[in-house]
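Enquirer: Here is how the chains run, residue by residue.
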Amino acid sequence: MSTRILTVEDDERIRTAVRMALEDEGWTVEEAETGEAALEAFKRNPSDVVLIDIMLPGVDGFEVCRSMRKTSDVPIVMVTARADTHDVVAGLEAGADDYLTKPFAPKELSARIRALMRRARKPDATTTTMRFGDLEIIPDAGVVRRSGTELHLTKTEFRLLCELASSPGRVFSREVLLERVWGYGYFGDGRLVDVHVRRLRTKIEADPANPRHVATVRGLGYKLQG
Amino acid sequence: MLTRLRAWLGRVRPRSLGLRARVTLSFALGALFLSIVLAGTTFALTRANLLNQRESTSLSRVYVNASVVKNQLPDLNPTDVQDVLLPSLQVPNGARPVLHFAGRWFSLTAQIGENSIPAALRDTVDSGRPARMMFDLQGKPALAVGIPLPSAGAQYFELVELDDLQSTLESLGFSLLGASALTTLGGAALGSWASRRALRPLADVSQAAKAIAGGRLDTRLETTDDRDLGVLSSSFNDMAQALQERIERDARFASDVSHELRSPLMTLSAAIDVLEARRDELGERSQAAVDLLSMEVDRFRQLVEDLLEMSRYDAGAVRLELDDIRLAEFVMQAVKVSANGSRVPVDLDSELAGAVVQADKRRLARVVANLLDNARKYGDGATSVVLQRVDDRVQIAIEDEGPGVPEEERHLIFERFARGGVAGRRGSTEGVGLGLALVAEHVRLHGGRVWVEDRADGRPGARFVVELPVLSQ
Numbered sequence: 020m021s022t023r024i025l026t027v028e029d030d031e032r033i034r035t036a037v038r039m040a041l042e043d044e045g046w047t048v049e050e051a052e053t054g055e056a057a058l059e060a061f062k063r064n065p066s067d068v069v070l071i072d073i074m075l076p077g078v079d080g081f082e083v084c085r086s087m088r089k090t091s092d093v094p095i096v097m098v099t100a101r102a103d104t105h106d107v108v109a110g111l112e113a114g115a116d117d118y119l120t121k122p123f124a125p126k127e128l129s130a131r132i133r134a135l136m137r138r139a140r141k142p143d144a145t146t147t148t149m150r151f152g153d154l155e156i157i158p159d160a161g162v163v164r165r166s167g168t169e170l171h172l173t174k175t176e177f178r179l180l181c182e183l184a185s186s187p188g189r190v191f192s193r194e195v196l197l198e199r200v201w202g203y204g205y206f207g208d209g210r211l212v213d214v215h216v217r218r219l220r221t222k223i224e225a226d227p228a229n230p231r232h233v234a235t236v237r238g239l240g241y242k243l244q245g
Numbered sequence: 222m223l224t225r226l227r228a229w230l231g232r233v234r235p236r237s238l239g240l241r242a243r244v245t246l247s248f249a250l251g252a253l254f255l256s257i258v259l260a261g262t263t264f265a266l267t268r269a270n271l272l273n274q275r276e277s278t279s280l281s282r283v284y285v286n287a288s289v290v291k292n293q294l295p296d297l298n299p300t301d302v303q304d305v306l307l308p309s310l311q312v313p314n315g316a317r318p319v320l321h322f323a324g325r326w327f328s329l330t331a332q333i334g335e336n337s338i339p340a341a342l343r344d345t346v347d348s349g350r351p352a353r354m355m356f357d358l359q360g361k362p363a364l365a366v367g368i369p370l371p372s373a374g375a376q377y378f379e380l381v382e383l384d385d386l387q388s389t390l391e392s393l394g395f396s397l398l399g400a401s402a403l404t405t406l407g408g409a410a411l412g413s414w415a416s417r418r419a420l421r422p423l424a425d426v427s428q429a430a431k432a433i434a435g436g437r438l439d440t441r442l443e444t445t446d447d448r449d450l451g452v453l454s455s456s457f458n459d460m461a462q463a464l465q466e467r468i469e470r471d472a473r474f475a476s477d478v479s480h481e482l483r484s485p486l487m488t489l490s491a492a493i494d495v496l497e498a499r500r501d502e503l504g505e506r507s508q509a510a511v512d513l514l515s516m517e518v519d520r521f522r523q524l525v526e527d528l529l530e531m532s533r534y535d536a537g538a539v540r541l542e543l544d545d546i547r548l549a550e551f552v553m554q555a556v557k558v559s560a561n562g563s564r565v566p567v568d569l570d571s572e573l574a575g576a577v578v579q580a581d582k583r584r585l586a587r588v589v590a591n592l593l594d595n596a597r598k599y600g601d602g603a604t605s606v607v608l609q610r611v612d613d614r615v616q617i618a619i620e621d622e623g624p625g626v627p628e629e630e631r632h633l634i635f636e637r638f639a640r641g642g643v644a645g646r647r648g649s650t651e652g653v654g655l656g657l658a659l660v661a662e663h664v665r666l667h668g669g670r671v672w673v674e675d676r677a678d679g680r681p682g683a684r685f686v687v688e689l690p691v692l693s694q
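Protein chains in written order, with the working numbering: chain R, 20 to 245; chain D, 222 to 694.
I should point out that these hints are in silico values taken from the structure, not numbers from a laboratory. Please note that the accuracy of each hint is not assured.
[To be verified] In silico DSS-like pairs for lysine-lysine, Cα to Cα no more than 27 Å straight-line: (1) K222(R) <-> K174(R); (2) K222(R) <-> K89(R); (3) K126(R) <-> K557(D); (4) K174(R) <-> K89(R); (5) K291(D) <-> K126(R).
Every value quoted in this text rests on a predicted model; they were computed, and no experiment measured them.
Looking at chain D on its own, in the form it has when it is part of the complex (with noise of 0.2 Å):
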């Protein structure tokens, strides 16, 4: 039962509206509420309020009136009870006296007489008890009060009408209304105002929220001396500097680690050297194993390179050392310190020859370099770089003739240390898996982009794309 109510209510309950639109809607449902118990209650007790008045002020009339009919009335011949008697009588606008005297009903009007005058008041009276009671006079409401005068043999009625009384109930009725309508809108605007006031603490959480996820790890919310939001500032900055200094923790141990090693390694490699001056002196088990160390090294030695690389990113430390470099030359250059030994052809888009790019020299380098080494261990060497131009972005395209990189897999290479699958299939051991990443990372701060995609003869391969902004022609 209660599951079945619970359920009927998260249908009603308008989830799909935004926290806003549902503080609103209750400050307008609790204003409408309070407004309509408040019109109610102030329409009941001011309608029974007047109808009081008005019946305290008929009866002290209706009893000095039919005083002076029992006074008079023992005097008087019934032609003159009708026309003397009635007329002489007090009475307002709207209230009409009716006399029962001698088994006669006499009144001012002829429409108005016995079968104006509620049967169970009649009765009332009859038994001798005076009485009052409301009824519909003519489709209209009125107050019937009745006195019976036993000593002078007669009953004596008022017939008050009560219509210019509706009339006031009723435009208060509407004034009431009128302004629970009123009520209701304001207490709409009030929920929008207050909940737009009350959330816009959250807008700023989200802001910096927002920088955090960014990379701005040093985001944090304004002091605020209100203790409601002070909670909420201060807890999320507590939030911001833990998860600030465990980042920097885990950078630094990255840093500690790769600066750790690099002691060693220089000993390592310039022993290796000396090894290697030797290596015709050793047998060739040995020199087979000075093979091995001294390719293991180097390997190790760009690993640890790549490494205090890619801490210095994640620390944020990574400053770029702009140059304007004329992008072709450099190119050239890259390709041929890079493709080692083998040569690639460079294609060039003649409008490119005076391009210039501004870039970290030693970076941009490491980017055509790792672009070449991966299409080597990957796609059987690069075998060709293009360069062309598309609007103000200049392209830098190394395509090879390898498996390519099937489209699930190309916006996870340039993850760190996420080797292919296709690398994995083709046994490549080569390769510590941060160059790719850390491609992405020089490019992105040169405020480039760069992708893999088809080669564009749509010959099977790769087409590793880096994209440049150019400084001029």
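This is chain R alone, in the form it adopts within the complex (with noise of 0.2 Å):
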């Protein structure tokens, strides 16, 4: 079965071309014009990911995100006005796992879905089980535990928290991650990394403002300890 997409515009045009775009990829689109009928769509039938365009009249987009993260570890995709705002990081906040600028090529959209697509990277083929001091993580089962509790982490945070177990101690910079986890380059924005950090560690850690497991060096990047 093809991977489902679930956009949520309000200009028809638009959302007739993207959907045409997408469907060129090979996948199935559906459409929403307003948050709830995004909402309802998704409750009916949840799809593999969620474009949703932030300025939408009624439930805004951010509405619709967090919505959709209380039930929901989908890739969201959300299409911001502008790069500079504060819309960035409060979609990131909301939930969203990337985003887009609009107007976006259609060949960026098709980009950031697969990589958000893709599967969580194995540090090592043997290894099945990683412990960090309470933490524990199941790469294969896509399980986190902390004191033997699961944690309900999206894809993106749970391929983060991948790459950071993938080598213990080292500090990864921004950029790496954002080339390793979104599949950016060098010009990656790194507050999709910040954001990222910040929701993983509000799930992961007992006091998210005292982090004990991922860890700021300042200027570098982040690590992971025990």
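Mind docking these for me? Both chains are given alone in their own frames, and the hints should help you get the complex.
Expert: Given below as structure tokens:
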């Protein structure tokens, strides 16, 4: 069964054109005109990737994003008006995995979707379970436990954690993480990493304000420790 | 006539002086004029007053003396007149009695006599009328009074020296002159103070105007209770408000237009992708048309992006996302990404290996990309990118082998939509003319400078230099 993509966009012409471009990639596209319709469609039949325009009449993109995140780890790409506004950070904090600014090239969107659908990298073929203090990661099963309790991570958060876990103690620069988790080059947006690390900490750290596992190395990047 | 007068006034009027100097000068001249008028009036009045007083005291005394002479004269012989009568008269210091009796002149001193008395006075008294007049007695001012005494067949004169009065008047004159000088100085000081005080609000206005010109459009003058200044500050603030609204409206318009363009662009862009995916199914002409569309939509998208960015600058809404960036690595990556397939050698100063700058990665990358793009469009492509350190700054220089930029166009090419004459001559129709303007804005916001110069090696071509402050080694 082909990958199903839900696009939430109030402009019908954009929706149609984007649908055609995505269908050319071999994907099945569902459309929603409003936030309400999107949530409804998603509840009925969850898709594999969601593309949300932040500027929607009624329930806005942030709200749609937050609602979906309550029940799902589906990769979400949001579309913002500008790259340098707070919208990007707000969208990422609402649970989006990546963003594009309008107008984007459909090829760019396809690349984003493919990157988000990649499976988590296995650090080592023989390793099945990794432990970092009270943290337990099972890459194959996509499971993370803290003190035995299973945590709900999004796919992107999980991939980020697995990257960091692939070399415990090693400092990963934001550029390296952008490339490995999101498939961006050197010029990816570092805020993607920062916000995802923040989100990751609220889930895996006992005290997110004083992180024990995911440490910031000032000016260099992040590292995972036990 | 009038025009000549005006021309003369214009020449005389010290236009080169500042307003404050002119106000000070006017105050000083005013004070000088007033004090001279006052001093002159005071002097004249005082002088007249003193003389009157002296005259009237002298007159009453002279009449008393005259009646003494009239009563005693008939009983005296001529020697007694000289030795008894004259010395017995009540005369103060400086007053000399002179008696004309029986054809002889009597006086207490030899120097004073008939000739001391002005002839005009003598004539009047001769004709039987009393008279008085001011005259010069041996070089000193004096008052002469003459009274005919027909019943005794005599004439009584008295000469009153006024030189004590003269010295009083002189010292008064000097005092008044001194006072005038002081008043003038005081006037100048007052003028200077008043003008400074009156001009202080102007200094505020000028400062505010400078701030507005510098881009701080929300600058306003403080409101004041002063009725005169209130008009100035409120009309200035109204002007600033109108200006701000107008500029913001223009900026918003550009921004709104660009925003509105994004939705159709999005549709176009996606639709062209669909067409391009079917390029092989199209005829030759359709393929060419699709290629044209695709190229133009890319260009259009770039233009809208640049316009939006520019309108953000105009609205003062640009906030840099600052990161510590290792410049050497950054420039290598930026060149690699933006060189459009062609390889541009990056020449690194070894000192720069660890240089870190604080920069907005996305925007600084656009700076490099736009400069490389510019070199590609107008200079046959960049031939090299050179990084070097100059004191506490670092320079990124991008050189090409094109025709270069003539001296007189160098400051113009960073203006919006100001494609240089060079570009026109080269017949390039590419580019939207915002690239270099955005480069200038980005670099400026990073605290740096950008300029274009001749190639360092003297060969034809342009050398664009971006200079940024270095954070650390």
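Enquirer: Looking back at the numbered hints, which does the structure fail to meet, lowest number first?
Expert: Hint 5 alone not satisfied by this model.
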